[in-house]
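Using this note's numbering, the letters of the sequence shown correspond one by one to residues 18 to 700.
Hints are computed from structural coordinates only; laboratory data are not their basis. Hints should not be assumed to be uniformly reliable.
Claimed, not checked - In silico lysine to any residue, SDA-like type, Cα no more than 25 Å apart, as pairs:
(1) Lys456 / His440
(2) Lys303 / Lys229
(3) Lys229 / Asp288
(4) Lys451 / Pro432
(5) Lys657 / Thr645
Said to hold, decoys possible - Now the in silico label distances, taken between C-beta atoms and shown as ranges:
(6) Thr559 / Gln225: 34 to 40 Å
(7) Asp579 / Leu398: 35 to 41 Å
(8) Arg392 / Ser319: 33 to 39 Å
(9) Gln239 / Val277: 43 to 49 Å
(10) Arg315 / Thr559: 45 to 51 Å
(11) Pro581 / Gln239: 31 to 37 Å
(12) Ser319 / Phe603: 55 to 61 Å
(13) Thr653 / Glu562: 26 to 32 Å
(14) Lys349 / Asp579: 16 to 22 Å
Ideal placement from N, C-alpha and C gives every residue a C-beta, glycine not left out.
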Amino acid sequence: MANENHGSPREETPLMIHSPGTSSQSQPTSPKPVRLVQDLPDELIQAGWEKCWSKRENRPYYFNRFTNQSLWEMPVLGQHDVISDPLGLNAAPVPTEGAVVEPPMDSKPRKRRLSEELPASGNSLKKPRIDNVPGTPSVQAIPSSPSIPVTPIFKNWGLSPEDKQLAAFLRPTEVYWDLDIQTNAVIKQRGPLDVLPPHPDVELLRSQLILKLRQHYRELCQQREGIEPPRESFNRWMLERKVMDKGTDPLLPSNCQPIVSPSMFREIMNDIPIRLSRIKYREEAKRLLFKYAEAAKRLIESRSASPDSRKVVKWNVEDTFSWLRRDHLATKEDYMDRLEHLRKQCGPHMTAVAKDSVEGICSKIYHISCEYVKRIREKHLAILKENNIPEEVETPEIQDRLVYCYPVRLSIPSPPTPTVEIHLENNIACLRYKGEMVKMSRNYFSKLVMFGVGLYEGTGLQGALPVHVFETLHKLFGVSFECFASPLNCYFKQYCSAFSDTDGYFGSRGPCLDFYPVSGSFEANPPFCEELMDAMVTHFETLLENSKEPLSFIVFIPEWRDPPTPALIQMEQSKFKRQQLVLPAFDHEYRSGSQHVCKKEEMYYKAVHNTAILFLQNDPGFTKWQPTPERLQELTTAYKHSGRTHGASGSTTPSSSGTTDKEKDKEQETTQEEGSSRDVAPV
Numbered sequence: 018m019a020n021e022n023h024g025s026p027r028e029e030t031p032l033m034i035h036s037p038g039t040s041s042q043s044q045p046t047s048p049k050p051v052r053l054v055q056d057l058p059d060e061l062i063q064a065g066w067e068k069c070w071s072k073r074e075n076r077p078y079y080f081n082r083f084t085n086q087s088l089w090e091m092p093v094l095g096q097h098d099v100i101s102d103p104l105g106l107n108a109a110p111v112p113t114e115g116a117v118v119e120p121p122m123d124s125k126p127r128k129r130r131l132s133e134e135l136p137a138s139g140n141s142l143k144k145p146r147i148d149n150v151p152g153t154p155s156v157q158a159i160p161s162s163p164s165i166p167v168t169p170i171f172k173n174w175g176l177s178p179e180d181k182q183l184a185a186f187l188r189p190t191e192v193y194w195d196l197d198i199q200t201n202a203v204i205k206q207r208g209p210l211d212v213l214p215p216h217p218d219v220e221l222l223r224s225q226l227i228l229k230l231r232q233h234y235r236e237l238c239q240q241r242e243g244i245e246p247p248r249e250s251f252n253r254w255m256l257e258r259k260v261m262d263k264g265t266d267p268l269l270p271s272n273c274q275p276i277v278s279p280s281m282f283r284e285i286m287n288d289i290p291i292r293l294s295r296i297k298y299r300e301e302a303k304r305l306l307f308k309y310a311e312a313a314k315r316l317i318e319s320r321s322a323s324p325d326s327r328k329v330v331k332w333n334v335e336d337t338f339s340w341l342r343r344d345h346l347a348t349k350e351d352y353m354d355r356l357e358h359l360r361k362q363c364g365p366h367m368t369a370v371a372k373d374s375v376e377g378i379c380s381k382i383y384h385i386s387c388e389y390v391k392r393i394r395e396k397h398l399a400i401l402k403e404n405n406i407p408e409e410v411e412t413p414e415i416q417d418r419l420v421y422c423y424p425v426r427l428s429i430p431s432p433p434t435p436t437v438e439i440h441l442e443n444n445i446a447c448l449r450y451k452g453e454m455v456k457m458s459r460n461y462f463s464k465l466v467m468f469g470v471g472l473y474e475g476t477g478l479q480g481a482l483p484v485h486v487f488e489t490l491h492k493l494f495g496v497s498f499e500c501f502a503s504p505l506n507c508y509f510k511q512y513c514s515a516f517s518d519t520d521g522y523f524g525s526r527g528p529c530l531d532f533y534p535v536s537g538s539f540e541a542n543p544p545f546c547e548e549l550m551d552a553m554v555t556h557f558e559t560l561l562e563n564s565k566e567p568l569s570f571i572v573f574i575p576e577w578r579d580p581p582t583p584a585l586i587q588m589e590q591s592k593f594k595r596q597q598l599v600l601p602a603f604d605h606e607y608r609s610g611s612q613h614v615c616k617k618e619e620m621y622y623k624a625v626h627n628t629a630i631l632f633l634q635n636d637p638g639f640t641k642w643q644p645t646p647e648r649l650q651e652l653t654t655a656y657k658h659s660g661r662t663h664g665a666s667g668s669t670t671p672s673s674s675g676t677t678d679k680e681k682d683k684e685q686e687t688t689q690e691e692g693s694s695r696d697v698a699p700v
């Protein structure tokens, strides 16, 4: 897959597959099998089969340490899976002696997907001449171009023993994606990216340095302002910086103007003097008002403020303390009104006092990031030099023609990749490299085969739409592409993601702001970072303005009205806006950004904000994928299918049909942590 997607000579990643040492312990009723001298064919041994002795039956049997399957008779390659196909209806026929076995034309029959049952929507319009890219059926391949990856269905026929071993490992039991849907996104052919290829040693160093940078950020907030860093503020800082960054690192910023991040500055200032959380009860509101007044007084006394500022803040604080002592019958609303009044009176003076200190935090974090980028690049270039790989290569000539979108390619060849250990335990896949281990769902490991990430916030920034909604978007509006996704949470096999160097191996088309489609239907659910959403809207309007082919963007963003975000205002006033829907808060769901590691019951969470759905389309796009009232109603209805009661591909799980008020309150407490910095304002 790496060779196909990046179009450069790369060695296959060697995998050391370590099966559980006590695989029989997963079934308490089965005794530990006694191993016999193995006289099995190499293909069966590679697939995990062993010959064992049954003490109870006093006869040999065959045990698969990968699937825990036991057979009295010698297993046959291509035999059916007793879990997914207990009757063996899809098993390969056992050939008779002397018979010639013809290889099958396709893999075993599978359930038909929605994309196969429905005709392509809106094909009545005349299409431009489009040259297909590699991976498109019945088309000649462009030399050294990536192929569009297909659904990883493992077949037993014509595979090496290593592939058969992986096939036994990587059988997903639940699927939250549909990689069979082909793209309708058309782009101008583009050349390979001049980006250094990924390497585990470099990624490990980058991960360690980011952890250090997070720790520096935490310490600066605690030492200078006496607060914990605002939740998700570091992740939103990286998103905001990368919108304008012209540096070489795919993750850490190193060439930005201005140096002081407006996003980080805004979020830290919102938590000074204390963080304001959502309030539900009267006593909480009273306690919060008292803490805010006390913190404001302490801040203004410890900083070099002007005499007027000290006077205003101290007078308002003393007035608040006096009001708290004498008014014992105040309601929750009275306390919140008083808190809002205190913030308006004291806020500007505290901002002026803390401004230089907060700017110092932002500047310090940025300069440390620049230093880390230099260290990462030096490490990267040293690895290339060790393998005699040049830093610069000649760029091939690119033809000026339209093609269906394809994964990004890298111009620089990749050095040999070291061994990564893989250990599978039940439904968990563990990957170990140089002492560092990552755990993830076995289903998602079957989607990627190779993976690396750290669990440091970010799950709320990576939330995806429910499966039912994706199915409806494809059915009604021909959507086949996600503008903001990752190899882990994508539904379609074609998507844009933040990191071209690593995600290109898994079908990524590169960052959304660097993607220039000519036609197609797209879904955009960006991370909730205001600067990124602003850049996204400007980018979409430019694409719509320059294209005469059908082009459509269906955008999902939070409906923030206090104050309204510039991205929302710009889209509502855009000449390309065709329709707009609003989904009420706590009445619809998102799929967790940590879906590859979370429990099944934690896969979905309620949205804490209203969600605005806006249709941005040029005239041909509006004609082809018109958002009629009937289609909008069906899209709204798709959100009624809760992911908590409906599994992937329509499967169901036991769940209560109703939700009590107490459960809703608990849900609100947990899901508000998935929100943005705008959650700090009391409601």
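(request) Provide an ascending list of the numbers of those earlier hints which the structure does not satisfy. (result) Violated hints: 2, 7, 9 and 12; rest satisfied.
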